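The chain contents come next:
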Amino acid sequence: MTSNPSNVMALTSNTSNKKETVAIFGTGDFGRALAYKMIQSGYAVVFGSRQAQISSLIPKGAEVLSHTEAAQKAAIIIIAIPRQHYNFLLPLAEVLHGKVLVDVSNNLKLNQYPQSNAEYLAELIPGAKVVKAFNTVSAWALQSGTLDASRQVFVCGDDKKAKQMVMDIVRALGLTPLDQGSLLAAQEIENYPLQLFPMWKFPILLSLGLTAFFFFYCLIRDVIYPYVNEKKDVSFFIAISIANRICPTMALILLALVYLPGVLAAIIQLYRGTKYSRFPDWLDKWMLCRKQLGLVALAFAFLHVLYTLIIPIRSYVRWRINSRVISQVNPLDNTSAWLSDSYLALGILGFFLFVLLGITSLPSVSNSVNWREFRFVQSKLGYLTLILCTAHTLVYGGKWFLYASSYRWCLPSVYMLSLIVPCIVLVVKFVLVFPCLDKPLTRIRQGWERNPQYSEHIPHIQLYLEGEQKT
Amino acid sequence: MTSNPSNVMALTSNTSNKKETVAIFGTGDFGRALAYKMIQSGYAVVFGSRQAQISSLIPKGAEVLSHTEAAQKAAIIIIAIPRQHYNFLLPLAEVLHGKVLVDVSNNLKLNQYPQSNAEYLAELIPGAKVVKAFNTVSAWALQSGTLDASRQVFVCGDDKKAKQMVMDIVRALGLTPLDQGSLLAAQEIENYPLQLFPMWKFPILLSLGLTAFFFFYCLIRDVIYPYVNEKKDVSFFIAISIANRICPTMALILLALVYLPGVLAAIIQLYRGTKYSRFPDWLDKWMLCRKQLGLVALAFAFLHVLYTLIIPIRSYVRWRINSRVISQVNPLDNTSAWLSDSYLALGILGFFLFVLLGITSLPSVSNSVNWREFRFVQSKLGYLTLILCTAHTLVYGGKWFLYASSYRWCLPSVYMLSLIVPCIVLVVKFVLVFPCLDKPLTRIRQGWERNPQYSEHIPHIQLYLEGEQKT
Amino acid sequence: MTSNPSNVMALTSNTSNKKETVAIFGTGDFGRALAYKMIQSGYAVVFGSRQAQISSLIPKGAEVLSHTEAAQKAAIIIIAIPRQHYNFLLPLAEVLHGKVLVDVSNNLKLNQYPQSNAEYLAELIPGAKVVKAFNTVSAWALQSGTLDASRQVFVCGDDKKAKQMVMDIVRALGLTPLDQGSLLAAQEIENYPLQLFPMWKFPILLSLGLTAFFFFYCLIRDVIYPYVNEKKDVSFFIAISIANRICPTMALILLALVYLPGVLAAIIQLYRGTKYSRFPDWLDKWMLCRKQLGLVALAFAFLHVLYTLIIPIRSYVRWRINSRVISQVNPLDNTSAWLSDSYLALGILGFFLFVLLGITSLPSVSNSVNWREFRFVQSKLGYLTLILCTAHTLVYGGKWFLYASSYRWCLPSVYMLSLIVPCIVLVVKFVLVFPCLDKPLTRIRQGWERNPQYSEHIPHIQLYLEGEQKT
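Sequence order for the protein chains is A, B and C.
With the numbering used here, letter number 54 in the first sequence gets 127, and the count goes up by one each step, no holes.
With the numbering used here, letter number 303 in the second sequence gets 376, and the count goes up by one each step, no holes.
With the numbering used here, letter number 375 in the third sequence gets 448, and the count goes up by one each step, no holes.
Worth flagging that the hints you see were computed from the coordinates, not collected in a lab.
Please read all numbers here as calculations on a predicted model, not as lab measurements.
Any given hint could turn out to be false.
Any copy, or any two copies together, can satisfy a pair, since identical chains are not distinguished.
Okay, derived cross-link-like pairs now, DMTMM-like style, lysine to aspartate or glutamate, Cα gap no bigger than 20 Å in a straight line [stated by the list, open to error]: (1) Lys146 - Asp241; (2) Lys274 - Asp357; (3) Lys274 - Glu446; (4) Lys133 - Asp231; (5) Lys502 - Glu142; (6) Lys364 - Glu446; (7) Lys305 - Glu446; (8) Lys182 - Glu446; (9) Lys146 - Glu136; (10) Lys305 - Glu136; (11) Lys146 - Glu167; (12) Lys305 - Asp295; (13) Lys274 - Glu261; (14) Lys453 - Asp511.
Based on the provided sequences and hints, a complete structural model is requested.
Okay, here's the thing in structure tokens:
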């Protein structure tokens, strides 16, 4: 940023209006798309190509030259050709010396080559400054201008100035550069566009597994049992009744699993007496996917709400109401009215808080709150949600625990199973809140160590948990 | 970015603390608001004004000088006066030579003048470097600090350094500059704040038209027909029953219209044997508003869910249930129980996926996924949604196709009409998935051409469709 | 940004590869986390520490030196130690002269010290250039890389170059620097992470107060009155019936309170005949929390929808339906069918628009619309929502106003109370829309003044209200 008028005057020389020239090697879709966008943003673009004649698809305003000529004209050369053709650059090594080479390539598979494309390029042309960039952007997005997916461009490279020059171009194209450090990060950056929700893999596999288990469990208890014992065909229960038994169960268990690792970590810290000691790997991974677990739980809760609300429209329910109506009309039972209304009210409030948690985990919302607010919502409101949902389930169940009919073929009903994890989490958390445990835990989290010899070197220091305090 | 301490030392000279001075011509709301914000961000501000005395509204800390004096003091001059008064700058041409003039003006109508205000200014003062900026920001937003609407400041200009200086100011004010290229973009930037959801115009007009058509169609079939034939007044059907017939119909048709252009484009590409040939204009436009179409469809689906869920509360429904109850109680029909539960379950799952699609189209969510993930959600999950919703409608309808009563006055029921487009899309897509068609299509999308002579120059190359591959 | 190749060549000198060195004083959690992230982003880090031996937790690649040695090595020194130990820097004053000191500290309470930590540091070491930064970032976020909460780093400082250098580091770490001006802003920046939803305090307290009032009001009318008069125990009404009476009431009143200040401001402007005159403070504050009021109203509306939709599942309702069924079946009353369906339809449409308003207030959505679109949604659609919701309530109530039974113990029913504010707002707004009032109001908002002597100096000029026009 220039800070005095005299400096500004210097800029008014006639060089300032000269456009910066960028060379692009390769006239494929991506090279052309990038050229099109760069010309729009005020750069001069020269293509380096073997044949100068295939110019009908080249964006208007771009020049097509031989590779050598193009490289001589520009300080930055974008290599928009596949990795397998990189060795054609070898004869150009001299002219490329000192130039910034931008590797934009992607692979077709995760870790396709032992060495990243950018590192391979740097090895081929040691005199050039290789920067990895633009591989996360799609040719279509560049041209249509409708950047629906990521505007983020991960940039890495060993030469800081070269990286800065590329990041300036990224910014000029209206994209957001993200500096990922040295060229060692290239492998990771090249893998990024090939990933399909990596953080979601565990939560989704877990919930698929649990859903399958509970489905067969319910099938046996609610469809096969009555068929075997009473010759009653209620197979249509599969569509809604069983789904609506699985959804709340999954939602409650997954929500409890969001808070279980925090409780486990607190126990480990209390036991070890220090926070400077690594958690086991599984606990680390579990903690990092808590947000995803919570959102899957919210999805199940949402389905549970929908399944519940359409109950009165179901023809089975209408038939049952009608047939029951005729048979008898009992006087209103005040207790059952209380129970029915309470569990519904608890469920509504729990779901409401759950939706609030979901909204605050939207990137743009969580980005506009400070850490204290984020922790308040995710920890305080999160536990309140868990308490409300557990209470909702408990009140719904009511006295069923005592009835023998709840244990068909010795299988307790699903909703009893669903209460195990949440109750454990809540009980342990309740115990941890007592001052005799809370005080040492807070001290440990502020850096105090009971047995300093326990601590080990932690490259990626764990400072988890809501209690964390800075300086 | 400075990279060595010695360089840093140079900056410690006493000039570095001197504030940069910006001049503002015009003391209207916007000029004052900008001055207020700039002073807050550490700039020195001088106003250029005809009368030096109207200083009571001027933000504290700003100087008011004559235009000439103000222009001499600063390298950047913000022209915060209406276009019709620009010619008062003519006598100042000499002092403005080499300065950066920032045009912040807006018009009252789209394309009010044949030439954009910024280009007009550049023509008036050819010696100055004109930059267009800040026109998208509101004076109120600048002052209140609550930037609820866009933080984006579109910047364009022919001089790169001048543009960079203005973008530095934009960043210093906490706003996001977006480089739009040369001054030719000024017209578009000036039109931007006057637009009212331009991308939504077509989807909303289309859905209004279709809604009106289906409304009158239903009115004839469901209200006028029974009145004429059976003298039954069911005009109250308009409020909910008919609305709840239109909403799902619209949702399904619009959702199918989201996927129809992709299917059409695939057919065109297969027929032409190349992707390097422009699609017809209507197809281009249709493709660019698919997201909006999908969101309007989601809105109708949401209304359909609400309308359906309140059914049991309606007094008409309660009355019908009551009156039917007395008359007869049939034994539970297992098939109808299955049908009723399946279509509800299909609807719930379809709506759930639809909501997921809607969430991923939120800017901050779509911005944090990579292209592969975005395509997976919008294409795979999108088609699954369409399949589920179509199945929901088909199962709901069931055997009605066969009943004569479904054809009042030869008009088929609305829900039959609603199935036409989705079924066509699904059938064609199903055909396109077969290897004999999928293989050539994939090759075409990777750049292969059956008849290379077909391809023409495409300034804005079309690379649509999910199959698109880079490099 | 470098603009000519010759300039680029200059950068290829061997200095460009030298890493920039940053010193960190303090080896606590935050210092180490910052060092870890900086090393990742390509900086060289030296720790300044009293003891050189506590290096087991120090991130790999960082050096640990004495404070003096570390300070000599770097141009930027991050002070990651608590404020109470700042005076240990006094002996280092000479070596710190001309250096950039980055204050990253936070306090435990709002306004804990009369002077901000950064200003205190600047006073201690007058020769150094103090910059406040990084205090909003958590150590955990830096290390885990999952920046769920704010990526924003507020930066302030009196020296522009020093600030720029720190902002470059912030950007290199993948965070977003926000320039907050001079060091005077440090107090505010230090208070920021200690705040807990400051903008939400008033709306939430207001709604808690009103909710409590309406709860006791309903308790008296709907539970105590029947108990006293008819000895009927309907205490279970508390769980759902009363909640579902409070929620819509609160939603409607809060929504009206969103639009009331705009109407009041218009009246004040009309009365004073100028917009250059400050509104009373309470009106200013009220206006700034309209968004929050609206979102709380949406939350109540959402709860109201949930409470309403589960009505048919409630055992009380089922019992009532059953018992009524037996007793009598009336013929369908067309008028009541119309009324029931209309109020449901109005409610659905009102809620739908309300949800739309909520979605457009998500930061990422509101950030991608221009001001005209934002005003259209928040003002036009907002009023439409208010009209629909008020009509929903009016139609629901219908003829109840006339029934004596609506006035138990002379207390009108809650829903009558809920209509007072919305009706006032709508009536006044309706009056203001008449040309005889709208024309002068528009002129006033464009800067016209009836009695210029009224206007006073307004440091934070008020330009509220949707009618606002720019230059």
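When Cα atoms must be at most 20 Å apart, do lysine 305 and glutamate 446 count as within-copy, between-copy, both, or neither? For lysine 305 and glutamate 446, the Cα distance exceeds 20 Å both inside one copy (54 Å) and across copies (45 Å).
Pop the pair lysine 182 and glutamate 446 into one bin, within, between, both or neither, using alpha-carbon distances up to 20 Å. Between copies only: 15 Å across, 40 Å inside.
Alpha-carbon proximity between lysine 274 and aspartate 357, which holds within one copy, between copies, both or neither at 20 Å: Within one copy, since 15 Å is at most 20 Å while 36 Å is not.
Copy assignment of lysine 502 with glutamate 142, given that the CA separation must stay at most 20 Å: Answer is neither; intra-copy 69 Å and inter-copy 47 Å both fail.
How would you label the pair lysine 305, glutamate 136 (within, between, both, or neither) given a Cα cut-off of 20 Å? neither (79 Å within a copy, 76 Å between copies)
Homomeric proximity label, lysine 146 with glutamate 167: Cα distance no greater than 20 Å: within (14 Å within a copy, 37 Å between copies)
Are the CA atoms of lysine 274 and glutamate 261 at most 20 Å apart within a copy, between copies, both, or neither? within (18 Å within a copy, 42 Å between copies)
Check lysine 146 against aspartate 241 for me: Cα-Cα at most 20 Å, and say if that holds within a copy, between copies, both or neither. within (19 Å within a copy, 29 Å between copies)
When no copy is specified for lysine 146 and glutamate 136, does a C-alpha distance of 20 Å or less occur within a copy, between copies, both, or neither? Result: close within a single copy only, 11 Å intra versus 42 Å inter.
Between copies, within a copy, both or neither: which fits lysine 133 and aspartate 231 at Cα up to 20 Å? Result: close only across copies, 18 Å inter versus 34 Å intra.
Please sort lysine 274 with glutamate 446 into within, between, both or neither, judging by C-alpha distance up to 20 Å. Classified as between; 13 Å across copies, 28 Å inside a copy.
With identical chains treated as interchangeable, where does the CA-CA distance between lysine 453 and aspartate 511 reach 20 Å or less: within a copy, between copies, both, or neither? within (16 Å within a copy, 48 Å between copies)
When held up to the earlier numbered hints, the structure conflicts with 5, 7, 10 and fits the remainder.
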